[in-house]
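Trainee: Each chain is listed here by its residues.
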Amino acid sequence: MAPDAPLLAVEDLKVHFAVEGRRYRAVDGVSFAVDRGRTLGVVGESGCGKSVTSLAIMRLVSQPPGIYAGGRIVFGGTDLLALPEGRMRALRGGRIGMIFQEPMTSLNPVYTCGDQIVESLRVHSGLSRRAARARAVELLDLVRLPSPAKRADDYPHQLSGGQRQRVMIALALANSPDLLIADEPTTALDVTIQAQILELMKDLQERTGTAILLITHDLGVVAETCDEIVVMYAGTIVERAPTQALFADPQHPYTIGLMAAVPRIDVEAERLATIEGSVPPPWAELRGCRFAGRCPLADERCRREPPPLRPLATGHDVACWYAPIERRAA
Amino acid sequence: MSVAEIDTTQEEVAPKRRAWWRRLLADRAAALALAALVLIVGAALLAPLIAPYDPFRSSRLVMAPPVWDERGTWAHVLGTDGQGRDMLTRILYGTRITLLIGVVAVVVGGLLGSLLGLVAAFYRRLDPFVMRLVDVMLSFPAILLGLALVAVIGPGIWPVIIALAIATIPDCARIGRSIAVSVMEQEYIEAGRAVGLSNAALFRRYLVRNCISSIMIFISLRFGQVILIGAALSFLGLGARPPTAELGMMAAQGRDFLLFAPHIAVIPSVVIFVIVLAANVAGDALRDVLDPRLRT
Chain Y
1 MAPDAPLLAV EDLKVHFAVE GRRYRAVDGV SFAVDRGRTL GVVGESGCGK SVTSLAIMRL
61 VSQPPGIYAG GRIVFGGTDL LALPEGRMRA LRGGRIGMIF QEPMTSLNPV YTCGDQIVES
121 LRVHSGLSRR AARARAVELL DLVRLPSPAK RADDYPHQLS GGQRQRVMIA LALANSPDLL
181 IADEPTTALD VTIQAQILEL MKDLQERTGT AILLITHDLG VVAETCDEIV VMYAGTIVER
241 APTQALFADP QHPYTIGLMA AVPRIDVEAE RLATIEGSVP PPWAELRGCR FAGRCPLADE
301 RCRREPPPLR PLATGHDVAC WYAPIERRAA
Chain F
1 MSVAEIDTTQ EEVAPKRRAW WRRLLADRAA ALALAALVLI VGAALLAPLI APYDPFRSSR
61 LVMAPPVWDE RGTWAHVLGT DGQGRDMLTR ILYGTRITLL IGVVAVVVGG LLGSLLGLVA
121 AFYRRLDPFV MRLVDVMLSF PAILLGLALV AVIGPGIWPV IIALAIATIP DCARIGRSIA
181 VSVMEQEYIE AGRAVGLSNA ALFRRYLVRN CISSIMIFIS LRFGQVILIG AALSFLGLGA
241 RPPTAELGMM AAQGRDFLLF APHIAVIPSV VIFVIVLAAN VAGDALRDVL DPRLRT
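Top to bottom, those sequences are chains Y and F. The first sequence: position 270 = 270 (this note's numbering), numbered continuously. The second sequence: position 166 = 166 (this note's numbering), numbered continuously.
Treat the hints loosely; a few may be bogus.
[What the hints assert, rightly or not] If we take Cβ atoms under 10 Å as the criterion, some of the chain Y residues that face chain F in the derived model are: (1) Leu-60; (2) Met-104; (3) Val-110; (4) Ser-120.
These aren't lab readings, by the way, just hints derived from the structure by calculation. Glycine included, C-beta positions come from ideal geometry on N, C-alpha and C.
Given the sequences, and given the hints that come with them, work out the whole structure.
Mentor: Laid out in structure tokens, this is it:
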């Protein structure tokens, strides 16, 4: 593998679901890359395919009904979609860690937090029970759980949501993964705890050098943590840009709409802006731009031909016939 | 980390491993049921040691009433049956056989059944096949199955045990499956996969461990039913052969004397009733205490 190749490259990934004879195109031609030690944010509203993308990278989309309909997921030089299950299993929790959205339900309720970390350590590194236990306590300390040796003997139901998410992070980081996939890691938490968890992830990334793929619908979260952002809509990428550039100069009407829908403390508004309509159902056969039905700019061409993702500036790609929008308006 | 967060966990830590049996005994009904069960099982196990008479030997006192009757004697505390055999002794030995039938049938049938159910839920591809098999089994009434087996193997307690075990499988498979399906939908199953666990580890440590308490409660509730059906089969003359003592059979023999010596039928029936009731109450209470998800 070339030294400058990205750690993870998703190339034209298509994940479909066959349910009752219909084909749901949950992810339909998505490409992005994550470099070592960097953070990529994937944003979009519910149902846009972000979670399916993250599960697809772990190859956890259940088949059936899921179908990997095309594309490649290249991680550290190997295509994960072509990997035999046994080797894929070694990667899960080993070189790729994952944090889930619901800290309340994503820990096994019948084992102590310590035991779950020990389990993961022993599956991947063959540590002795004692060494694994010591490492588990170390990890709980790393995620700043108070009195980690005691907490290791606690069952998940004895911890608060924030504490459980810390345990999840410790679990995901147990085997020093190269890539950490965080699927809505803060969505289920209080705002104050959210900030702590994000800060913790940032801090751990600096220490361990792991790359992070952060899936979220929260623009505030990506703004604080990501180097680069991918905006997804209805299973496709509509815009991709470095964080600064995206917030300074959003180009896709959907991105602009999303940003306008974020409440701002410095702007007085009677009511929040919304994007009219909702995401087209994934079984809809759309010929043109998938956002056309909700887009204020859409015309005949938008409904007929899907706009390709094309570069506007360095690292800034947009899939819209009208981009660059600001310049056109001027 | 906020102070409040730390405080709540410490409060919750305190009652943690406070011995579960102590909490079990705090429930009055459960304690009573458990005591009854321990007494009955203990007495049945120790039957050869504590029984006052030989269960097969008749005395000259036929149909003697129990001691609380004005004509009763302390020589036969529970009286004697139609052939002059000591009722207490017969009850002790009969409970043994009844419990043996129930325990073996429930354990074998319950294990096989819930395993089938869990496998069906875990490997969704197998689900339709396993469930159709279960449907077929479900359409055989236990009593009919018992009759058929007796016809094939001949009378005795084994055909009854086999029939009861087979009759237990489909219910346990269905319950096991429905519990397992809801567990499989939990996010921690996916999280377990994401940690890189093999199917075997996931099945054992995630699925079975999270289902087991709910399945155990169901199996323990089945225990009461199986004892009842087993007694019914013996009552119909399918199970243990005379002169072996078995509670259901004793009740059947006693019904001929129901009008003038009711104790011969009533006492074994009461013992069956107490076993079934105690098993159900104790099973319920055990679940409440052992299920970590019900712990607060």
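Trainee: Would you mind marking each hint as holding or not holding in the structure?
Mentor: Structure-based check of each hint:
1. Because the beta carbon of Leu-60 of chain Y sits about 6 Å from the nearest beta carbon in chain F, less than 10 Å, this interface hint is met.
2. Hint on Met-104 of chain Y holds. Least Cβ distance to chain F is approximately 9 Å, under the 10 Å limit.
3. A least Cβ separation of about 5 Å between Val-110 of chain Y and chain F falls short of the 10 Å threshold, and the interface hint therefore holds.
4. With a least beta-carbon distance of about 5 Å to chain F, the hint placing Ser-120 of chain Y at the interface is held under the 10 Å criterion.
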